[in-house]
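Number of protein chains: 2
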Amino acid sequence: MTLNILFAARPERWKTYEAPLRAALADAGIDAHLATEIAPDQVDYIVYAPNSPLQDFTPYTRAKAVLNLWAGVETITGNETLHIPLARMVDPGLTKGMVEWVTGHVMRHHLGMDSDIKRDDAQWVYRTPPLAQERSVVIFGLGALGMAVAETLVMLGFKVTGWSRSPKEVEGITALHGPGGLDKALAAAEIAVLLLPDTPATENTLNAQTLTQMPKGAFIINPGRGPLIDDDALLAALDSGHIAHATLDVFRVEPLPQDHPYWAHPSVTVTPHIAAETRASTASQALVENIRRGEAGEPFLNLVDRSLGY
Amino acid sequence: MTLNILFAARPERWKTYEAPLRAALADAGIDAHLATEIAPDQVDYIVYAPNSPLQDFTPYTRAKAVLNLWAGVETITGNETLHIPLARMVDPGLTKGMVEWVTGHVMRHHLGMDSDIKRDDAQWVYRTPPLAQERSVVIFGLGALGMAVAETLVMLGFKVTGWSRSPKEVEGITALHGPGGLDKALAAAEIAVLLLPDTPATENTLNAQTLTQMPKGAFIINPGRGPLIDDDALLAALDSGHIAHATLDVFRVEPLPQDHPYWAHPSVTVTPHIAAETRASTASQALVENIRRGEAGEPFLNLVDRSLGY
Numbered sequence: 001m002t003l004n005i006l007f008a009a010r011p012e013r014w015k016t017y018e019a020p021l022r023a024a025l026a027d028a029g030i031d032a033h034l035a036t037e038i039a040p041d042q043v044d045y046i047v048y049a050p051n052s053p054l055q056d057f058t059p060y061t062r063a064k065a066v067l068n069l070w071a072g073v074e075t076i077t078g079n080e081t082l083h084i085p086l087a088r089m090v091d092p093g094l095t096k097g098m099v100e101w102v103t104g105h106v107m108r109h110h111l112g113m114d115s116d117i118k119r120d121d122a123q124w125v126y127r128t129p130p131l132a133q134e135r136s137v138v139i140f141g142l143g144a145l146g147m148a149v150a151e152t153l154v155m156l157g158f159k160v161t162g163w164s165r166s167p168k169e170v171e172g173i174t175a176l177h178g179p180g181g182l183d184k185a186l187a188a189a190e191i192a193v194l195l196l197p198d199t200p201a202t203e204n205t206l207n208a209q210t211l212t213q214m215p216k217g218a219f220i221i222n223p224g225r226g227p228l229i230d231d232d233a234l235l236a237a238l239d240s241g242h243i244a245h246a247t248l249d250v251f252r253v254e255p256l257p258q259d260h261p262y263w264a265h266p267s268v269t270v271t272p273h274i275a276a277e278t279r280a281s282t283a284s285q286a287l288v289e290n291i292r293r294g295e296a297g298e299p300f301l302n303l304v305d306r307s308l309g310y
Numbered sequence: 001m002t003l004n005i006l007f008a009a010r011p012e013r014w015k016t017y018e019a020p021l022r023a024a025l026a027d028a029g030i031d032a033h034l035a036t037e038i039a040p041d042q043v044d045y046i047v048y049a050p051n052s053p054l055q056d057f058t059p060y061t062r063a064k065a066v067l068n069l070w071a072g073v074e075t076i077t078g079n080e081t082l083h084i085p086l087a088r089m090v091d092p093g094l095t096k097g098m099v100e101w102v103t104g105h106v107m108r109h110h111l112g113m114d115s116d117i118k119r120d121d122a123q124w125v126y127r128t129p130p131l132a133q134e135r136s137v138v139i140f141g142l143g144a145l146g147m148a149v150a151e152t153l154v155m156l157g158f159k160v161t162g163w164s165r166s167p168k169e170v171e172g173i174t175a176l177h178g179p180g181g182l183d184k185a186l187a188a189a190e191i192a193v194l195l196l197p198d199t200p201a202t203e204n205t206l207n208a209q210t211l212t213q214m215p216k217g218a219f220i221i222n223p224g225r226g227p228l229i230d231d232d233a234l235l236a237a238l239d240s241g242h243i244a245h246a247t248l249d250v251f252r253v254e255p256l257p258q259d260h261p262y263w264a265h266p267s268v269t270v271t272p273h274i275a276a277e278t279r280a281s282t283a284s285q286a287l288v289e290n291i292r293r294g295e296a297g298e299p300f301l302n303l304v305d306r307s308l309g310y
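Chains as they are written, first to last, in our numbering: chain A, 1 to 310; chain B, 1 to 310.
Chain A with its partners taken away, still in its complex shape (with noise of 0.2 angstroms):
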C-alpha cells in the first residue's frame, strides 16, 4: 500500500526537504507518495511546519500523527482542531549545532575573547584566564538538547549546573528543579544558558528580580526562546554593569527589528537564530523513523504532551 505523506510547509522548505525526503523513505523501504497537495482525507502523514498555511486539521480524518519539521511547537499546541498525536523534530544534526553554538559562545566568554577580537590599540595586558573547572555554568532546561549542552560541557571541564522543571539525575552535573532550586541556579550561573521551552510557566524566567539573583558581572546565553527572557529587565541589567554581557540567538520578535536597541548595544550580541537550525539529511532520516514506526505499530519518538505545552 502507498503511504500518502503530505509536506505542508513553505515552499522553500520543500526545495530543501525534498530529495533527502524522498531518499530516506527509499532508503526505509517504505512505498510512499509524498507531495506538497493531497486531498486531506487521503492523507496519512503530515511532514507539518507551524507556519505553515495548513491551519485546519479538521479534514485530515485518517492521518496518523503530525511530524513538526522544527523543535518548537508552542504555536501549534494550542491549535484545537489537532487531535492525532504531534511530534517534535529530534534531529541529530540540529542537537550537534546547538551543542556546538553555545559550547563555542561560552568559551568565548569564559576566555573573555571579546577584548581580543575587538582590540583597537596594541597593549600587551597580560592576564592568566580561569580552568573551567573553576567556572560555573548554569543550564536552564534538561531536555534533549539542554542534556546535550551539559554532556559537552562537563567534559570540558566545566562546573556545571542543571535547572528544571521536574527533578531529573544527570551524571556529572549539580540538578537542581523548581521554584526551590531556581535560587540556587540564579546564584550559581556565572554563565547561564537558556534553554528551556516556551511557555506560560518559563515566560520570562529572566526577570528584573531573578537578573539580580545571577552573580555580579554573570554572562547570559539564549538560544532557546525569547519569552524566556524580559528584555527591558535585561537591558537594565546590562546598562547597569551587573550582567556582563548577552548572547541572543533567540527574540520575541524575528527577525529582530532594525531599530531594537539589542543590535547597538555593546554589551549584546545578536546572532539570526542559527544555533538550533534543523539539518534536511538527518531530519529526514528522523521523520521517516517515525512513519515506519507508526506502519510497524511501534510507538512515536518524540510525543508532545499537549497538557504540558511540549
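Derived by calculation from the structure, the hints in this document are not laboratory data. Misleading hints may appear alongside valid ones.
Repeated chains share a single entry, so a pair holds when one copy, or any two copies, can fit it.
Stated by the list, open to error - Below, a list of computed lysine to any residue pairs in the SDA-like style, where the Cα atoms sit at most 25 angstroms apart: (1) Lys96 / Arg127; (2) Lys159 / Gln285; (3) Lys118 / His245; (4) Lys168 / Phe300; (5) Lys159 / Glu171; (6) Lys118 / Val253; (7) Lys15 / Pro130; (8) Lys96 / Glu171.
Knowing the structure of chain A, use the given hints to seat chain B on it.
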C-alpha cells in the same frame, strides 16, 4: 636528610610559587630547604626559569636535575654548562588551559563568530554554520599539548588530523608525519593549530610556500612558538585573502612591539601569550613529583632530549 632546593627564577615567580611549592613538598613528606640563594655546591635540585640570572651550571656540582618551570626549553638546551638531567614542565593546569584556549578559538572560527561580535549594522542575515563533523582541523605537533587538544576536538566531533616529525598513532585522528605527510596535512588544514616545538627544523613551518598549500579561506591558530611562522609570508597571505584569519598567542619578540603590523591587521587576533600558562598549584605538584622520583631512584618524568632540542 634535608634536600636543598634552589629556586632560580625572577622574584615575581618566587612570590607566586613559594607557598604552593612548600605546600606540595609538605604533602609529599619531603624535608627540604627551599630558597632563592643556596651555596652552589650544596644544591640538590634546581627549579628553573630560563630567563633567570643563573646561566652557568658549572658550580652546581651535586645537583641531580634542573626542573624547568615552563614547557619551553629552547633557550636552555644549548647551554653547554648543563650536564645533568633537564625536565620540562608538563603541568596539568597548563594543559587544560591550552586545551580551553585552542578549543575556544577553533569554535570561534568554526562558527564564524567574529561577524556577530564585531557587528556594526542591524542586518538579520541568516546562515547555516557547518557541523564540526564537516570541518577539518589539523594539529601540527603531537606532543603532550597537541595530543590533549586532539582528544578534545575529536570529542567535539571535528575531523582531526595530526602531523608530527616522527610517526604516532592516535585513536580517532588521521596521524601524518614527516615531509611527505606535511603536504597532506597542509591541504586538509581548514583550521591549523600550531603546537610544534621551536627547533631549527620547525622554524618557518608556515612560509610563503606552505601557506599556499592550505585551503583558501583557512584559519591559523598559533599557541605554540612565534618562529613557527614566517611573519611576512603570513601577512601577505592574509592581505591576499588566501588565509582568512590568524589568531596568534606567541611571537618572535614578546611583548609584541607596538608598531608590529599584527596589532592593527583586521584579520589578525593578538592574545598576550596566555594560552600556555602554568598554574602555580598544579605545577608545584608536578615539580615535587620529580624531586620525589629523583630521591626514590625512579626515572624523572618529562626529560628533555637535548640532541633534538626538545
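So, going through the hints one by one against the coordinates:
1. Within a single copy, Lys96 and Arg127 get their C-alpha atoms only as close as 32 angstroms, which misses the 25 angstroms cut-off; across copies the closest is 16 angstroms, which meets it.
2. Taking the closest pair of Cα atoms, Lys159 and Gln285 come within 25 angstroms of each other only across two copies (23 angstroms); inside a single copy the shortest separation is 35 angstroms, beyond that limit.
3. Within a single copy, Lys118 and His245 get their C-alpha atoms as close as 14 angstroms, and across copies as close as 14 angstroms, so both meet the 25 angstroms cut-off.
4. Taking the shortest Cα distances, Lys168 and Phe300 sit within 25 angstroms of each other inside one copy (23 angstroms), while across copies they are farther apart (46 angstroms).
5. For a Cα distance limit of 25 angstroms, the shortest separation of Lys159 from Glu171 inside one copy, 12 angstroms, qualifies, whereas the shortest one across copies, 27 angstroms, does not.
6. In the homo-oligomer, the alpha carbons of Lys118 and Val253 lie at most 25 angstroms apart only across protomers (22 angstroms), although the nearest pairing inside one protomer, at 28 angstroms, exceeds that limit.
7. Taking identical chains as interchangeable, the C-alpha atoms of Lys15 and Pro130 lie at most 25 angstroms apart only when they sit on different chains, with a minimum of 19 angstroms there against 47 angstroms within one chain.
8. Taking the closest pair of Cα atoms, Lys96 and Glu171 come within 25 angstroms of each other both inside a single copy (20 angstroms) and across two copies (21 angstroms).
Consistency note: the structure conflicts with none of the earlier hints.
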